[in-house]
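> We have chain E already, so just place chains S, W and A on it with the hints.
In order, the protein sequences belong to chains E, S, W and A.
Residue 303 in the numbering used here sits at position 302 of the first sequence, with consecutive numbering throughout.
Residue 225 in the numbering used here sits at position 224 of the second sequence, with consecutive numbering throughout.
Residue 369 in the numbering used here sits at position 368 of the third sequence, with consecutive numbering throughout.
Residue 215 in the numbering used here sits at position 214 of the fourth sequence, with consecutive numbering throughout.
Worth flagging that the hints you see were computed from the coordinates, not collected in a lab.
You can't tell identical chains apart in this list, so a pair holds if it fits in one copy or across any two.
Capping the alpha-carbon separation at 25 Å, the derived lysine to any residue pairs in SDA-like fashion look like this:
(1) Lys389 - Thr323
(2) Lys389 - Ser319
(3) Lys339 - Arg32
(4) Lys339 - Ala112
(5) Lys97 - Arg32
(6) Lys389 - Gly369
(7) Lys157 - Ala127
4 protein chains.
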Amino acid sequence: MSLQNPVFIPGPTNMPEHLRRACDLPTIDHRSAGFPILLASARSGVQSIIKSRDAEVFIFPSTGTGGWETALANTLVPGDTVLAVRNGMFSHKWIKMCRDLGLNVVMTEVAWGEGFPADWAEEQLAADTAHEIKAVLVTHNETATGVTSNVADVRKALDAASHPALLLVDGVSSIACMEFRFDDWGVDVAVTGSQKGFMLPAGLGIVAFSRKAMKETEQGGLPRGYFNLQDMATATAAGGYPYTPSYGMLNGLNEACGMLLEEGLENVFARHNRIASGGRAAVRAWALEVCAARPELYSDTVTAIRVPEGFDANRIVSHAETAYGMSFGAGLGDVAGKVFRIGHLGSLTDAMTLSGIATVEMVMVDLGLDITFGSGVAAAQAAYQVGKTEKFLEAAE
Amino acid sequence: MSLQNPVFIPGPTNMPEHLRRACDLPTIDHRSAGFPILLASARSGVQSIIKSRDAEVFIFPSTGTGGWETALANTLVPGDTVLAVRNGMFSHKWIKMCRDLGLNVVMTEVAWGEGFPADWAEEQLAADTAHEIKAVLVTHNETATGVTSNVADVRKALDAASHPALLLVDGVSSIACMEFRFDDWGVDVAVTGSQKGFMLPAGLGIVAFSRKAMKETEQGGLPRGYFNLQDMATATAAGGYPYTPSYGMLNGLNEACGMLLEEGLENVFARHNRIASGGRAAVRAWALEVCAARPELYSDTVTAIRVPEGFDANRIVSHAETAYGMSFGAGLGDVAGKVFRIGHLGSLTDAMTLSGIATVEMVMVDLGLDITFGSGVAAAQAAYQVGKTEKFLEAAE
Amino acid sequence: MSLQNPVFIPGPTNMPEHLRRACDLPTIDHRSAGFPILLASARSGVQSIIKSRDAEVFIFPSTGTGGWETALANTLVPGDTVLAVRNGMFSHKWIKMCRDLGLNVVMTEVAWGEGFPADWAEEQLAADTAHEIKAVLVTHNETATGVTSNVADVRKALDAASHPALLLVDGVSSIACMEFRFDDWGVDVAVTGSQKGFMLPAGLGIVAFSRKAMKETEQGGLPRGYFNLQDMATATAAGGYPYTPSYGMLNGLNEACGMLLEEGLENVFARHNRIASGGRAAVRAWALEVCAARPELYSDTVTAIRVPEGFDANRIVSHAETAYGMSFGAGLGDVAGKVFRIGHLGSLTDAMTLSGIATVEMVMVDLGLDITFGSGVAAAQAAYQVGKTEKFLEAAE
Amino acid sequence: MSLQNPVFIPGPTNMPEHLRRACDLPTIDHRSAGFPILLASARSGVQSIIKSRDAEVFIFPSTGTGGWETALANTLVPGDTVLAVRNGMFSHKWIKMCRDLGLNVVMTEVAWGEGFPADWAEEQLAADTAHEIKAVLVTHNETATGVTSNVADVRKALDAASHPALLLVDGVSSIACMEFRFDDWGVDVAVTGSQKGFMLPAGLGIVAFSRKAMKETEQGGLPRGYFNLQDMATATAAGGYPYTPSYGMLNGLNEACGMLLEEGLENVFARHNRIASGGRAAVRAWALEVCAARPELYSDTVTAIRVPEGFDANRIVSHAETAYGMSFGAGLGDVAGKVFRIGHLGSLTDAMTLSGIATVEMVMVDLGLDITFGSGVAAAQAAYQVGKTEKFLEAAE
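Only chain E is shown next, with the shape it has when bound in the complex:
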């Protein structure tokens, strides 16, 4: 591992200097006057980033996984039924958690590389006239396969079936990188973490609850302690925490929201799309295939790349680390050994991305794959080149 090279794992992402410093504070009393102001600002920042006017945002010292539990434990009661789809390692794990917590899961399996089948969901919801299904779980961006599902379509399915189930969305590897419209999509709980689009270390589980979801937290819930949203909501309303918060991480989150909003969300999303496009162009130039089944499923935060049949994709990841000090993501679960992943989210420049693509080329050549040096780089350069953009033409005037 080199501490100088960028990382290309799909989170934790590369961190801007500014955010590392925002997190690294001297000890400040979390009961002093500045804390409630910081907390309110961070919560409001997250709200803006998920494009919500009045979602209630809560921030737990944990991870996105803690956010999953918070979503479930505060809106459902033991034995409740949820609707879910397994299309990658992270959807798989959320389903496992549902079962561990005593929920009943109605699910379907789709190929890893496919997205959430909204039509299937619509059928299930329409058939559920007794409204047994209390929640629909969607993994917005399946980090294991580089597949982005269409949340708006799931909302349409719910509406088409006039079904009152809550819409719980895992946005861990999408929020703050890609369009996420909490209000417009009628999301009830969105879950994310600090270490992806927010460009921070791992350590925060971030959830946003709709009014409808907040109402559910008042009635029952699963047995819960640390992730008890009512305790958290009460403390938050008083500008505090039910236990000791990480002042630094909250400060980091607040600054991250500020950076993202200052860049402009649409610019942030466009940047992720441009960088991802370059990566996909490289994959095409290598005559390889991405794991995502169709262009509309392509993720702008992570690309899973299928290697030739019979070749162990993990060799790429380990050779890159050992020989070039660069980290990429391995395949997980059903696609272990079949894909490797390039994380291209968070704080990343075109130049940094090119160093990742160039390094992967050396790795693949080293390992005997039929790759031409510079081929993927050239394809990405064409995508990143400023010379053809209006920006350049203007500047040249």
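Same frame as chain E, now just chains S, W and A:
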């Protein structure tokens, strides 16, 4: 708030430069080769600090409160009975969590300022011939009152009653500051966090499980997801995590253990005792009283100081912050307004402590209390003065 | 040495978190677009702090000593005569430099503890009808003795004698801490460094030249390379440097100016005065004497304290370091062993200062001096106590 | 400017995390016990890096330019003659300094792209039977042209002429990157700075003096103050400084030496050579030419690249900064507008270098030069590829 003054809250504590840096790492792939080595080292460091040969240590991205839940959710099943004592805000909260998680609590209330009554526990355990009581909960150091209970006595009570209940100990504000003998005291689960004796930011819930407690995790447990110890144990054994760890915080913990062990645990404990003694001497010089009922209950990490009848102790805390930019702890729960607290744990020098004592004197004089400038400082100086110690005499030779 | 205790040397001073970070930048191209903006801002900031409208400020990668050389080498030619006073180690060293550089020095010696005798200067200047004296050198604040001289009086002496000599002022340990009126006092060159009032590490020699002094740089000068002001002025005008600047240090200087101006210069000066007053009150309480001969000479940045006859003051400095991990200043030159010094400049709070005073008390008691614990602290507390100030009374309303 | 992209200016270089932290220390008393130890260690580290057993190393708060002055001002007297060659901007500036300081320069001009002509020097020295020439000045690596001269050949010329002149070598952009044999080459003064091979911010001028050169410092010298080596040597011998040192920068230098020696000097040099070779391969692939006239002059720290006749090379530098946030070096002096420069020294990985090469390709294509995307990258990848190296073959076994 001044960022230059030390803090005197009972956690998060002042952080040494070295540990802030250990936490503030650039992004490192937690699946790269260095991580398992770091994790093993941090776990082993914690083991040494709690003086255990083979406790299994696990580190969650959460806080000590998450550690409480981990202790309960993995060793008990719904409806199990636990024995507990309420003698301050933190013991109170742990009891509340037990109830929220569906456990049955047999408890007693003692005055806030008293410790855990081992004789009462022994009676209860002896009477429980059916062994309904599955666990005894002890708050080693009640941070709200500055009271340290005697864990060894509780172990004796269990042994005297030949009772198989697990001994669960909250060591959040004692571990790494005061003597804690996991093995000798027969502790089954010890709980702590990163932001006290380990001198780190909040963000880690640290637990240590005895073999007996580990065995309990295999059979049932409460419904649990994030704090599922079996998932954590499996991942830990493979050198990884069930979700994304905070590499920086783990590195910080590892370095903290290294610092403490290099200083020498007995030296660390002696330093805490010396600093605390100075603080208590100041209290006597002010003709005030500490909250802890008797000398053997005095905490070496936090001192709660009773203010004169009719005076609101919170004014001291808020005036110190507003006028002098220094943070102290307020009274909580039953002693709110009746005490203020000086946290003197973690990374603190005699000189820093004197600045706290001198500042409190100015605060009290400002607020009209009958305090003589320099009186508490002089008492503490006499406790800190090197001139009377062997160290000085040796150096002078 | 403890890294946690404040330092009480008369520079480098304690550094605010914010400034440490401002200095610690990643590599930024000093020929990129941001550099000229930063440089202009830092120069303008220094101008404001010395209360000048149009002094030309230049910043050399060196120290205040380099600033001395810059002042001399660019305004004088070999064999020129300067007028100077020796009243401490730093005035002594500047005089030595004059001689090493081939200048003729007309000087007087006064007791270490005395200030610059403006009346003597006036006599010399009046007698110098041939205007052989080309420059008068004043050490505004003699760091070795804690003596502040009156620069305005020296200007009056020059004016009274209608003498055209340049007024060169060493403001290393005064600027940014005490009133310094470049324009009003008719200063021609002011010299300072980064590590005192600017609260930065050592590494910058900062000079400000009046128009008259700038004119002198055009004709001759001493042989000079690195400190050639014309090269520096040409490069500065183009937004650059004649060699590689320290981007981080310049950024630190710029931020330091921002901090000082935001606090308000009069507030900064008042803070230094208040903190210094507390220190002097402590000295009186100990029945010791300061080195400065009279109250109007008392320095607000450093206090040199005389120890009883026959006692070696260096023992205080070394025992403080060894036994308590705290740094104070030793006596230098003529007062070596006779005084120790408390630096109380830069970024310092009342609470930090009290820790220094309390520690010195322990040191002196350890070493057998007749000092009562808490006596100096109590005197300082009375000076620092907010309770008697308007600020407190207002807040209390 | 992006703070995330590496810089490709020929210094200051990219800084490893470890060294940034080493420089960014809290205030430590430079008169406390640790300082002499640190200073001795840093001096010894520099000695090892220049492969000298007993050169006296001194470290000034300044830059390499201050080192030039130190070399001249302490070994020569006014009117002395030095022999020098002008083959780029930095040799040009050193010559200018000689003249400004009152020295007589015997020089020759060679094409910018040529090295130091040892045969010409030998002729001059042989002809100088009166030994008027007191020093020969060699710019080991001319940063403006990417030309490395052969110092050993200059030593041979001196020896062939049996001439006693001192050999003064500017190693600013070579030392710690390329072979530098102080003892074997009979160097008398070597000059360098902190911001190149030592991977630190600018701010230190570092000089090494042979015994012979030390002897010269005792007799006369130019008028000098700040750079007076006798004052520095006296203070250094006592473990201190004649003025306030930058503790952090010295600590950084010490750690940098440690890092370099741990990597192994031969490995450091080989790394620089490998990275430089890749850059030169890219230049060939682009059908461009380097400024250095012949392969034996190629610099391993900086490559100056000639652009096609009629094209302004500065456009590359400014477009790279504006459009891609990446910094390269512009042409200076005689080659301004004719070359641009890639600095590839200090802390740099192959992957980082590839990002620079790929970015320059986009820049050149944007500006209409006839460059094929990926062509230079592919050439560099072939140079960097681990797959053909023994290291890979071993690892593969």
